[in-house]
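**Student:** Here the protein sequences come in this chain order: A and B.
So the first sequence is residues 93 to 342, counted in our numbering.
So the second sequence is residues 635 to 848, counted in our numbering.
Derived by calculation from the structure, the hints in this document are not laboratory data.
Model, not experiment: these values are computed from the prediction.
Check the hints yourself; a few may be wrong.
Estimated spans, in silico, between C-beta atoms of each pair [as the list claims (entries may be wrong)]:
#1 B:661 <-> A:154: 41 to 51 Å
#2 A:166 <-> B:657: 40 to 50 Å
#3 A:111 <-> B:691: 47 to 57 Å
#4 A:163 <-> B:714: 45 to 55 Å
The C-beta atom is built at its ideal place from N, Cα and C for all residues, glycine as well.
Each chain, letter by letter, is given below.
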Amino acid sequence: MIEVSHLSKSFGSLSVLKDVSLNIRQGEIVVLLGPSGSGKSTLLRCLNGLEQADAGSVRIDSVHIEAAMRAKERKKAVHELRSLTGMVFQSFNLFPHLTVLDNVIMAPMTVKNMPKEQAIDIAEKLLGKVGLAEKRDEYPSRLSGGQQQRVAIARALAMEPKIMLFDEPTSALDPELTGEVLQVMRQLAEEGMTMVVVTHEMKFAQEVANRIVFMSEGIIQEEGAPEYFFAGPKTERARKFLRQMAQEPV
Amino acid sequence: MKLVMDNLGFLFTGAYYTLLITIVSMFFGLFIGLFTAIARLKGNRLIAGIARVYVSIIRGTPIIVQIFIIYYGLPDYGIALQPMTAAYISLSINIGAYLSETIRGAILSVDKGQTEAALSLGLTPWQTLRKVVLPQAARTAIPPMGNTFIGMLKETSLVSIVTVTELLRSAQLLIAQYYVAMPFYLAIAVMYWVMSTGFSAILNVIERKLSKAY
Chain A
93 MIEVSHLSKS FGSLSVLKDV SLNIRQGEIV VLLGPSGSGK STLLRCLNGL
143 EQADAGSVRI DSVHIEAAMR AKERKKAVHE LRSLTGMVFQ SFNLFPHLTV
193 LDNVIMAPMT VKNMPKEQAI DIAEKLLGKV GLAEKRDEYP SRLSGGQQQR
243 VAIARALAME PKIMLFDEPT SALDPELTGE VLQVMRQLAE EGMTMVVVTH
293 EMKFAQEVAN RIVFMSEGII QEEGAPEYFF AGPKTERARK FLRQMAQEPV
Chain B
635 MKLVMDNLGF LFTGAYYTLL ITIVSMFFGL FIGLFTAIAR LKGNRLIAGI
685 ARVYVSIIRG TPIIVQIFII YYGLPDYGIA LQPMTAAYIS LSINIGAYLS
735 ETIRGAILSV DKGQTEAALS LGLTPWQTLR KVVLPQAART AIPPMGNTFI
785 GMLKETSLVS IVTVTELLRS AQLLIAQYYV AMPFYLAIAV MYWVMSTGFS
835 AILNVIERKL SKAY
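Pulled out of the complex, with its shape left as it was, chain B reads as follows:
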């Protein structure tokens, strides 16, 4: 216990990176997801096809393989990325594919009459999407997206393998230094749990606010 306390600062730094990677990946993943969802729904055959293949590949391969391809594979072609950059890129691409499915479903769940009403008022299809469909889709998409976010928080532990010193790797470094494992693993387990439940609570507040809006 004392060992943990002495190294709390180091673990917090790890937790900070875990959070940072989660938030940054979620941010870019959201754009990728939105773009992919719209490409699949509104794009021509080629664009929709590319989007579908992307989603299929990402969902059909282990995330750890994706991380390895980005970090260990790309240097073969002269693209050597910093561990942090590789983590951002691989996780954003991964989360984008999953989010695109959520967003696509949410867009499809908006009643067709909404689109017709907007079009009949003279809005262009793009304006209709932006002003009428997406705001309503967001309401449907936010709860599952929150779950994806919490899932991502835990999946970030995988990037420890490419030497990003996030929470898990911080613990492993300490274990290598002190030759004791349990206290550090327990400590980070608690920290992951606190962060997850913290976000769940925030998510609940957001959901309740959203359901009050109309």
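Bound-form chain A, shown alone:
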């Protein structure tokens, strides 16, 4: 479903992705692990065109995007990529000037020209699903971080994406609030959503992921099923990373 081939990306002289290739099947839940600055988030952001690669290509379903594409073609491909993917950000990025409900219905109405009643219908179902139906008329600033992130998930789901991308969705949350967000993500996973998750939540990775992809210094160092990865990582870098994560009181 997702096919990343030979992706490279530099910020100035800093090379963040070095010839990365990765395939993800439909319904798979892939967790990207690695120390900060290892290129996980950049890889994720290349999947919906928020970041433009210097070389290589990304294919999702029938949408193909290549670094060598001309600007106009690329723009069209990026737009199609974004209709297939939904993204959840570390800092939620809810629209502060809109109520919870308006946050969720805005994109369907703007992008798909969906009639308002229909958009509200969908939004209410999704807000119910993330457990925030009663908050529909509040502004985001009135919600806790965990609640905001759940609204952000509902907002992304309202566009009916085939793939959900999570960029450290719980990193900005107080520990007692991460559970409610992870719970929603687990539920999505159970429903068969294809998910690519950048996170430092080891327990979530262990229990929910089908596959762990470990990155360091812009390279996929190793990948495998979580039970193997956590029991016996093959590379020294991964061992070191897991040791460090175990020490940190998360």
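Please arrange chain B on chain A, whose structure you already have, making use of the hints.
**Tutor:** Frame of chain A, contents of chain B only:
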């Protein structure tokens, strides 16, 4: 004092023109400012360059020179404007340049994550600007724009020089007629002050409403 009272109607007409010029210039200036700000932020090099030069010229020259160029300069090329029209055009162009700076700053102050979230949902860059960035920028831009508006209210007195009978020129006409200056100048000073503080008060209400929204 009696002289002022007798001619109050005439002064009010002047005040009406002052207000009218301010509001009309502000209205068109807002469009020019918005357009210029977007041109500088999103335009290609040529468009952004033109916008930058426009802002630089307007901010770098006295407004009175701009008014003279429009009213006394253009007739050399066969473009003779009515005083009122010249006032609208020159003040709109002037205020547009200043507002574009305010609007540009306000747009830049909106968190990048907002744009990313909107784009990731499939909005086009233009939809993102309209639905997500500008509404948030407006909140930041409205207080300084209010100050520009009040500043403009006072600057309109400059167009009296091109024979627009706004508040200042109304007073000058009366002074020429009665040979007394002080009462009329004091009267219009009070009228300018009332209008300025009136708008300040309105502005405060708007600001408070805006900050309550979220």
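**Student:** With 45 to 55 Å as the target window, see if residue 163 (chain A) and residue 714 (chain B) comply at their CB atoms.
**Tutor:** For residue 163 (chain A) and residue 714 (chain B) the Cβ distance comes to about 46 Å; the hint holds.
**Student:** Do residue 111 (chain A) and residue 691 (chain B) keep their Cβ atoms within the hinted range of 47 to 57 Å?
**Tutor:** holds, 50 Å
**Student:** Taking the Cβ atom of residue 166 (chain A) and the Cβ atom of residue 657 (chain B), is their distance within the range 40 to 50 Å?
**Tutor:** holds, 45 Å
**Student:** Do residue 661 (chain B) and residue 154 (chain A) keep their Cβ atoms within the hinted range of 41 to 51 Å?
**Tutor:** Check passed, 48 Å falls within 41 to 51 Å.
Violated hints for the displayed structure: none, as all numbered hints are satisfied.
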